[in-house]
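Got two chains here, separate frames each, mind docking them using the hints?
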Amino acid sequence: MEKFFNDDIRKQITQILGQMVRPITIKLFVDEKGCQTCNETQQLLGEFKETSSKINLEILDKNQNPKEAEKYGITLLPSFVMLNDLGEYKGVKFNGIPAGHEINSFISALIEMSGHPLKVPQVALDRIAKIKKPVNIKVFVTLSCPHCPGAVQNAHRLAMLNPNIQAEMIEANTFPGISQQYNVSGVPKIIINEKYELLGNQPLEAFLNEIEKSLRA
Amino acid sequence: MFDLQIQQRPIPSIFETTPLWDLLVIGGGPAGLNAALYTQRKGLKVAVIAKEIGGQLHNTSTVDNYLGIPMIEGKDLSNVFLKHLEALEVPLYLDYWVASIQKSHDVFFVSMDNGTVLKSKTILFATGGQPKKLNIPGEATFANKGVSYCTTCDAPFFKGKNVIVSGGGNSAAEAVLDLAAWAKHITVIHRSQWRADKIILEKFKTIPNLTTFLETQILSIEGKDNMQGVWVLDKTNQAKRYIEADGLFIQIGLIANSSLIQPLTKTNEKGEVWVDDQFMTTMPGLFAAGDVTQHPFKQIVIAVGDGAKAALAIQQYLIHHS
Chain A
1 MEKFFNDDIR
11 KQITQILGQM
21 VRPITIKLFV
31 DEKGCQTCNE
41 TQQLLGEFKE
51 TSSKINLEIL
61 DKNQNPKEAE
71 KYGITLLPSF
81 VMLNDLGEYK
91 GVKFNGIPAG
101 HEINSFISAL
111 IEMSGHPLKV
121 PQVALDRIAK
131 IKKPVNIKVF
141 VTLSCPHCPG
151 AVQNAHRLAM
161 LNPNIQAEMI
171 EANTFPGISQ
181 QYNVSGVPKI
191 IINEKYELLG
201 NQPLEAFLNE
211 IEKSLRA
Chain B
1 MFDLQIQQRP
11 IPSIFETTPL
21 WDLLVIGGGP
31 AGLNAALYTQ
41 RKGLKVAVIA
51 KEIGGQLHNT
61 STVDNYLGIP
71 MIEGKDLSNV
81 FLKHLEALEV
91 PLYLDYWVAS
101 IQKSHDVFFV
111 SMDNGTVLKS
121 KTILFATGGQ
131 PKKLNIPGEA
141 TFANKGVSYC
151 TTCDAPFFKG
161 KNVIVSGGGN
171 SAAEAVLDLA
181 AWAKHITVIH
191 RSQWRADKII
201 LEKFKTIPNL
211 TTFLETQILS
221 IEGKDNMQGV
231 WVLDKTNQAK
241 RYIEADGLFI
251 QIGLIANSSL
261 IQPLTKTNEK
271 GEVWVDDQFM
281 TTMPGLFAAG
291 DVTQHPFKQI
301 VIAVGDGAKA
311 ALAIQQYLIH
321 HS
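Chains A and B supply the protein sequences, listed in that same order.
The working numbering numbers the first residue of the first sequence as 1 and each following residue consecutively.
The working numbering numbers the first residue of the second sequence as 1 and each following residue consecutively.
If we strip away everything but chain B, and leave its shape as in the complex, we get (with noise of 0.2 Å):
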């Protein structure tokens, strides 16, 4: 319950005294994490800028499908990466959002929220997601009021009581297990088939209290105070009905974290960054990787993938373009 999770660094003075990187990762996520770390072996002049260190990974309670590493809690597997890092020093600029990022003559200039500007040659834009809202009546009334997207934040509320998850992806059914701890009763309600993983889904035969509505769509929340409870839509009879509930975890997916780079360049129509194989935005020396951009499968393993190809690539693109 009291482990430290110490995220806090002070800022090199490399920062004070490099006019000119050659690659500013922005986004502390498995992707910015691994092309800071491939660029660096490079010897390139690589430094990251990210709010937390992390990202999504500390929405994850746990990790079970990164090769190598069986069984890890979100929040560890962050701090391994973390670790790594800092074992290659690579210098990381934490705490503080990015305010915008313009181009001028060949250079990018990355204002932070605290007024600091940074200057590079190229940039990674590696910003992740955040969760994506179902967009029904009721939802914004009730944020914080039953409403929620981060189990690992919130799920200690719910203890003795009635909860919904919506959502049948991996996060969702690692959300079920995250509340069987806590809530009374889960239901989970999907609009179409589960995409989780069986070894996760074969662990709920486990959880007593579960039920699953499988083709059913989530209409409205309703509640006085707080929520109280949903219509939904049963799809196969089109039949309505309300579900009591005192929490609604919602976790359905992401949104693209792109709207500090979605006037440079483009985005598809879900927000997502457009890249080409050379994961090279449509603004030449503006790159992005991992959930940010239009590749689909947002997983961990993935990113990391995506962020050691867009390391080479753009070392690729300093040596054609100094």
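This is chain A alone, in the form it adopts within the complex (with noise of 0.2 Å):
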């Protein structure tokens, strides 16, 4: 398969990850008997891995796996969750191949999640931790959607600032099964626990006035 990093692209990203502070571990799971990106997501992971030796790469067959799979909630493949240095699960998901202007994202929560310090007003910081019960947050994108990583990094940074909220990217062309359960005909298309949606990038204000609308409910 060809490389995705040329001289140039692979300059640029080393460049970019010598943000990252800590180590990091990818787990990412495939079918090794072959599904849709499952080898491209696996490529483009390990010449991202080439670029850092902060990141580390681990590769799972989901059939073989079921007990890490089943921890981890990993029901689409390829999937992967990022980890922090004590091998923290912190929420972070990432469901089908973050290229396109999705790779932005990707590098975000690569470099949030190895402890480079979130930039959030403490009147934020304050509303998230009042969140006490379970949030799931899904974003669905393409990866021709220059709006959607926007909306990823938000979902994914609340992820990190509070062990109650779990936030998963979706790419919703390699997965339409799914994409039309949540009813995705644009995107980025935000799904806060099953029902309640934003449409478009929105800021972070907006995420947690929808997400505590959905708690009281």
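To be clear, the hints were calculated from the coordinates, so they are not data collected in a lab.
Some clues are possibly wrong.
As the list claims (entries may be wrong) - Here are the simulated DSS-like cross-link-like pairs (lysine-lysine), alpha carbons at most 30 Å apart as the crow flies:
{"hint": "1", "chain 1": "B", "residue 1": "K133", "chain 2": "A", "residue 2": "K119"}
{"hint": "2", "chain 1": "B", "residue 1": "K83", "chain 2": "A", "residue 2": "K11"}
{"hint": "3", "chain 1": "A", "residue 1": "K213", "chain 2": "B", "residue 2": "K119"}
{"hint": "4", "chain 1": "A", "residue 1": "K3", "chain 2": "B", "residue 2": "K83"}
{"hint": "5", "chain 1": "A", "residue 1": "K195", "chain 2": "B", "residue 2": "K224"}
{"hint": "6", "chain 1": "B", "residue 1": "K159", "chain 2": "A", "residue 2": "K195"}
{"hint": "7", "chain 1": "B", "residue 1": "K240", "chain 2": "B", "residue 2": "K184"}
{"hint": "8", "chain 1": "A", "residue 1": "K195", "chain 2": "A", "residue 2": "K119"}
{"hint": "9", "chain 1": "A", "residue 1": "K119", "chain 2": "B", "residue 2": "K121"}
{"hint": "10", "chain 1": "A", "residue 1": "K11", "chain 2": "B", "residue 2": "K51"}
{"hint": "11", "chain 1": "B", "residue 1": "K133", "chain 2": "B", "residue 2": "K45"}
{"hint": "12", "chain 1": "B", "residue 1": "K161", "chain 2": "A", "residue 2": "K195"}
{"hint": "13", "chain 1": "B", "residue 1": "K133", "chain 2": "A", "residue 2": "K213"}
{"hint": "14", "chain 1": "B", "residue 1": "K83", "chain 2": "A", "residue 2": "K54"}
{"hint": "15", "chain 1": "B", "residue 1": "K51", "chain 2": "A", "residue 2": "K130"}
{"hint": "16", "chain 1": "B", "residue 1": "K133", "chain 2": "A", "residue 2": "K195"}
{"hint": "17", "chain 1": "B", "residue 1": "K51", "chain 2": "A", "residue 2": "K119"}
{"hint": "18", "chain 1": "A", "residue 1": "K11", "chain 2": "B", "residue 2": "K45"}
{"hint": "19", "chain 1": "B", "residue 1": "K224", "chain 2": "A", "residue 2": "K213"}
{"hint": "20", "chain 1": "B", "residue 1": "K83", "chain 2": "A", "residue 2": "K119"}
{"hint": "21", "chain 1": "B", "residue 1": "K205", "chain 2": "B", "residue 2": "K184"}
{"hint": "22", "chain 1": "B", "residue 1": "K45", "chain 2": "A", "residue 2": "K119"}
{"hint": "23", "chain 1": "B", "residue 1": "K51", "chain 2": "A", "residue 2": "K54"}
{"hint": "24", "chain 1": "B", "residue 1": "K103", "chain 2": "A", "residue 2": "K119"}
{"hint": "25", "chain 1": "A", "residue 1": "K33", "chain 2": "B", "residue 2": "K205"}
{"hint": "26", "chain 1": "A", "residue 1": "K195", "chain 2": "B", "residue 2": "K51"}
{"hint": "27", "chain 1": "B", "residue 1": "K83", "chain 2": "A", "residue 2": "K49"}
{"hint": "28", "chain 1": "A", "residue 1": "K195", "chain 2": "B", "residue 2": "K132"}
{"hint": "29", "chain 1": "B", "residue 1": "K184", "chain 2": "A", "residue 2": "K3"}
Stated by the list, open to error - Listed below are several chain B residues computed to face chain A (Cβ distance under 8 Å; list not exhaustive):
{"hint": "30", "residue": "I6"}
{"hint": "31", "residue": "R9"}
{"hint": "32", "residue": "P10"}
{"hint": "33", "residue": "K51"}
{"hint": "34", "residue": "W97"}
{"hint": "35", "residue": "N114"}
{"hint": "36", "residue": "A143"}
{"hint": "37", "residue": "S148"}
{"hint": "38", "residue": "T152"}
{"hint": "39", "residue": "F157"}
{"hint": "40", "residue": "D225"}
Note that beta-carbon positions come from the ideal geometry of N, C-alpha and C, so glycine has one too.
Structure follows, in structure tokens:
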């Protein structure tokens, strides 16, 4: 398979990932018998690993590692989770390849999961800390959507800041079944706790408004 | 399909060490980027603040009316602009929204949604526009349930389906070309006549399943869980009829992204920021350029030109107000 990174891109990504503070681990779940974009995702993450000594990558066949898959709630393939330097899962998950525009939400997650300070105003931090019930955020994207990475970044930041929040990117074209189930015909489409919807890329405040609404219901 | 559109950049430390900027450009589209390029070359302390670089270029598949760069994808043109700025080492503060702009004692305070506050002698507001809505019944109900404003984002969802494109300018015509690769049938509905470039309309000859209704107005969007069709009015004979469709791509122009500075300065009835011939708003030191202003003809090359003119005017302003 042709490489994703040319010299220029590799240099650029190496420089950007210089911001990583501590090591992180990516656990990528695939189907060794094959699945749409499993090979491509494995290769892309492998090329990322080559650009930074702070990235650990584990490739797991879902069928051979059912307990691990269950632990991280893996239902789609390819899917990967990101763990911090202590091996803790903070609820940051990607379903499908983070290529195209979505590479930006992936890079952002790598840097922020490594311990790079998250710049969030105190007023928002206070609201996030008050979330005591489980929240699941699904962000449906396409790789050609320029407005999607911002939505994914916000969802993942919320997950990193509160253990009750889990956030997952879902590449809609790779997973037409779940996309149809959630009636996705435009992206980014953000689903909070299976019911509450946000359209388009929204500031963190809008996410919090909707999360608080879902928890009041 | 898997090309990598890398926009992530570390926030440079210069943002922590610069107490007062000469100019903060708010917006990462063509107007703002060219203004930053011009003022950086002049030696001003300038930086760009943008949620994302490229602005509306990312909503455009192909650009073919930018002199010297034929047939380039919008995202690639955005990357060309970005690389040019990086070659000149223009500081970029990306990935965050501006929460507020305030002025006190001739200093502007730009507050970001991450809590950072940056200070500057002048501001160039170049935040462009966002897609205009039809403002008809059903539009909000079926948003992202058939109704879309971004062809590059959403076209693949309409593979083998019937779609409508609303609009008559270049954006609408480009949307037709984008959708031709996916949709079973495309119907263009526009309330007047085509305004799009003839060179784009010529390409329609190769699209087999395309129907065009000009002088036709969309009255409402109908459906259940998803949109299923629209009611239209044929303005030539006042007849109403229903057209079935799974999707509606609305490409009828832009609304200025001006809400952030509307409390500070004058805007027109469309919400566009009023600027004088020096691109200054009614608030001294607050400039605006590009699609967010009252200037007609929202085009990339015009925004770029306006950005350059605004930059030169800002330099003059700083000379006379320092």
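| query | Are there hints from earlier that the structure breaks, and if so, what are their numbers? | reply | Checked against the structure, the hints that fail are numbers 1, 3, 11, 25 and 29, while the rest are satisfied.
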